Each structure stands twice: as C-alpha cells, then as structure tokens.
Amino acid sequence: MSKVNPLDVLAVKNIIARYCEALDTKDFALLEKVFVHDVSADYPFNSDLQGVGAVAKAIQNRLGPVRTHHNLTTQRIVFETTGKTAHAVTYFQGAHFGQGPHEGKLLCAYGKYIDDLVHCEVSDGDCEGVPGASGIWRIKRRKVAFTQRIGDEKIMSEH
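According to UniProt numbering, the sequence shown is numbered sequentially starting from 1.
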C-alpha cells in the first residue's frame, strides 16, 4: 500500500514554482528553500554544480544582465511508494528581457526541469503553506534540458 499523501503533490508544485519566483525576483537566497544543501545540478551552462551555494551563484551570474519571467506548464510528478521521494518533470518557458544596450530584445528558452525531490521532516509543523502535507520538499537533483531557445543570445552576456 502506498504511503503517498495527496497533498504532497501541491507541496512539490509549490517548491518548483518557488524556484521561478527566486529567479524572477532575483532573490537568490530563496533557493535555500528550493534545494537541499548538497544538491547536484546539471544546467546547459554548467553541467556539474554541487551545492545550493554553487547553483545560486551560477544562476545569479547567468541572469545578471537580464530580467526574467518564467512560466511552468505541463508537469508530471511520480512519488515512490514510501512517500519520501518524488520525481518531477516540469516543462517551462523562460522569457529573458534585455537591459541597457539590449533593451527591447528578447530571448525565450523552452525546456524542462527534471527533478528528484526528497521529503524533509520539520519539527514545528510548518508545511510551507500546504496544510495537511506530510512535510516540506526539496530538490536533491536537477537537470535542465532546453528544447529550443529563440532570440538574441547576446543579451545574456553583454551589459
């Protein structure tokens, strides 16, 4: 019999959405509440990021010259029967808006986040806004795969 709490689906969705919120608001410290401390991440611009600090710094450096707007679309979440781990594939569209000399230019990235998540116990009962969820969730492993990028790539590296 499965030990999956159906409210954990919403908790996992919220964590993946929090990632987009961190990027779009440039609140990179918020990534501490998205990933486990020793996360392993594979991004197209850096395939071997180890630790939440390294992930946050790499993303901050990458998005420094642009404003962003991320949308999450199709998603599939599968829980292990223990209810303590989950695998999520989430499709996204990330709009990157040029700044300074690139004002008015746009780069759109389409792809998917492939995440392995773990359930983390909490002592104070805080389920991060999902009453009834079994606890909090964090991303332990992430791979970002682009489907297509359309627009001016120069806006990502030039100020």
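Take these hints with a grain of salt, some might be off.
[What the hints assert, rightly or not] Within a straight-line C-alpha distance of at most 25 Å, the following computed SDA-like cross-link-like pairs (lysine to any residue) qualify: (1) K84 with R18; (2) K26 with N14; (3) K112 with N71; (4) K140 with N14; (5) K26 with S134; (6) K3 with K154; (7) K105 with E21; (8) K143 with N46; (9) K143 with I77; (10) K84 with T74; (11) K33 with V66; (12) K3 with F28; (13) K154 with E121; (14) K26 with Y43; (15) K84 with K154; (16) K26 with M156; (17) K33 with V144; (18) K57 with V4; (19) K13 with K140; (20) K3 with M156; (21) K33 with V118; (22) K140 with L10; (23) K26 with L7; (24) K143 with T74; (25) K140 with G83; (26) K57 with R67; (27) K57 with C108; (28) K33 with L63; (29) K105 with K154; (30) K154 with L10; (31) K3 with R67; (32) K143 with N71; (33) K13 with A56.
It is worth saying that the hints were derived from the structure and are not from the lab.
It should be emphasised that the depicted structure is a prediction, and the values quoted were computed from it without experimental measurement.
Against the structure, the hints:
Note on K84 and R18: the hinted pairing holds, with a Cα-Cα distance of about 20 Å set against a maximum of 25 Å. Distance check on the hinted pair: K26 and N14 sit about 18 Å apart at the alpha-carbon level, within 25 Å; holds. At most 25 Å may separate the alpha-carbon atoms for a hinted pair to count; K112 and N71 meet this at roughly 11 Å. The suggested pairing of K140 with N14 holds, with an alpha-carbon distance near 15 Å, which does not exceed 25 Å.
Distance restraint check for K26 and S134: the Cα-Cα separation of roughly 29 Å exceeds the 25 Å cut-off, and the hinted pair is therefore not satisfied. A hinted pair counts as satisfied when its Cα atoms are at most 25 Å apart, and K3 with K154 does not qualify at roughly 48 Å. Between K105 and E21 the CA atoms are separated by roughly 22 Å; this keeps the pair inside 25 Å, and the hint holds. For the hint linking K143 to N46, the alpha-carbon distance of about 10 Å falls within 25 Å, and the restraint holds.
A distance of roughly 15 Å separates the Cα atoms of K143 and I77; the hinted pair therefore holds under the 25 Å criterion. For the given pair, K84 sits about 23 Å from T74 by alpha-carbon distance, which is consistent with the 25 Å threshold. For the given pair, K33 sits about 23 Å from V66 by alpha-carbon distance, which is consistent with the 25 Å threshold. Using a Cα cut-off of 25 Å, the hinted pair K3 and F28 is violated, with the two alpha carbons roughly 33 Å apart.
A C-alpha spacing of about 43 Å is found between K154 and E121, which places the hinted pair above 25 Å, so the restraint is violated. This hinted pair checks out: K26 and Y43 have alpha carbons roughly 18 Å apart, not beyond 25 Å. This hinted pair does not check out: K84 and K154 have alpha carbons roughly 42 Å apart, beyond 25 Å. Under the criterion of a C-alpha separation no larger than 25 Å, the hint pairing K26 with M156 is consistent with the structure, at around 15 Å.
With a C-alpha separation of about 19 Å, the suggested pair K33 and V144 falls inside the 25 Å cut-off, and the hint holds. With a C-alpha separation of about 34 Å, the suggested pair K57 and V4 falls outside the 25 Å cut-off, and the hint is violated. This hinted pair checks out: K13 and K140 have alpha carbons roughly 15 Å apart, not beyond 25 Å. For the proposed pair K3 and M156, the alpha carbon gap of about 44 Å is over 25 Å, so the pair is violated.
Between K33 and V118 the CA atoms are separated by roughly 13 Å; this keeps the pair inside 25 Å, and the hint holds. As the CA atoms of K140 and L10 are separated by approximately 18 Å, the hinted pair is consistent with the 25 Å bound. For the proposed pair K26 and L7, the alpha carbon gap of about 28 Å is over 25 Å, so the pair is violated. The hinted pair formed by K143 and T74 meets the criterion: a straight-line CA distance of about 16 Å does not exceed 25 Å.
Restraint check: the Cα-Cα separation between K140 and G83 comes to about 15 Å, which is no more than 25 Å; the hinted pair holds. Taking the CA atoms of K57 and R67, the gap is about 16 Å. The hint holds against a cut of 25 Å. For the hint pairing K57 with C108, the CA-to-CA distance comes to about 22 Å; that is within 25 Å, so the pair holds. Our distance criterion of 25 Å between C-alpha atoms is met by K33 and L63, whose separation comes to about 19 Å.
Under the criterion of a C-alpha separation no larger than 25 Å, the hint pairing K105 with K154 is consistent with the structure, at around 10 Å. A hinted pair counts as satisfied when its Cα atoms are at most 25 Å apart, and K154 with L10 does not qualify at roughly 37 Å. Distance check on the hinted pair: K3 and R67 sit about 41 Å apart at the alpha-carbon level, beyond 25 Å; violated. Restraint check for K143 and N71: satisfied, since their Cα atoms lie roughly 17 Å apart, inside the 25 Å limit.
Our distance criterion of 25 Å between C-alpha atoms is met by K13 and A56, whose separation comes to about 20 Å.
In terms of the numbered hints stated before, the structure departs from hints 5, 6, 12, 13, 15, 18, 20, 23, 30, 31, listed from lowest to highest.
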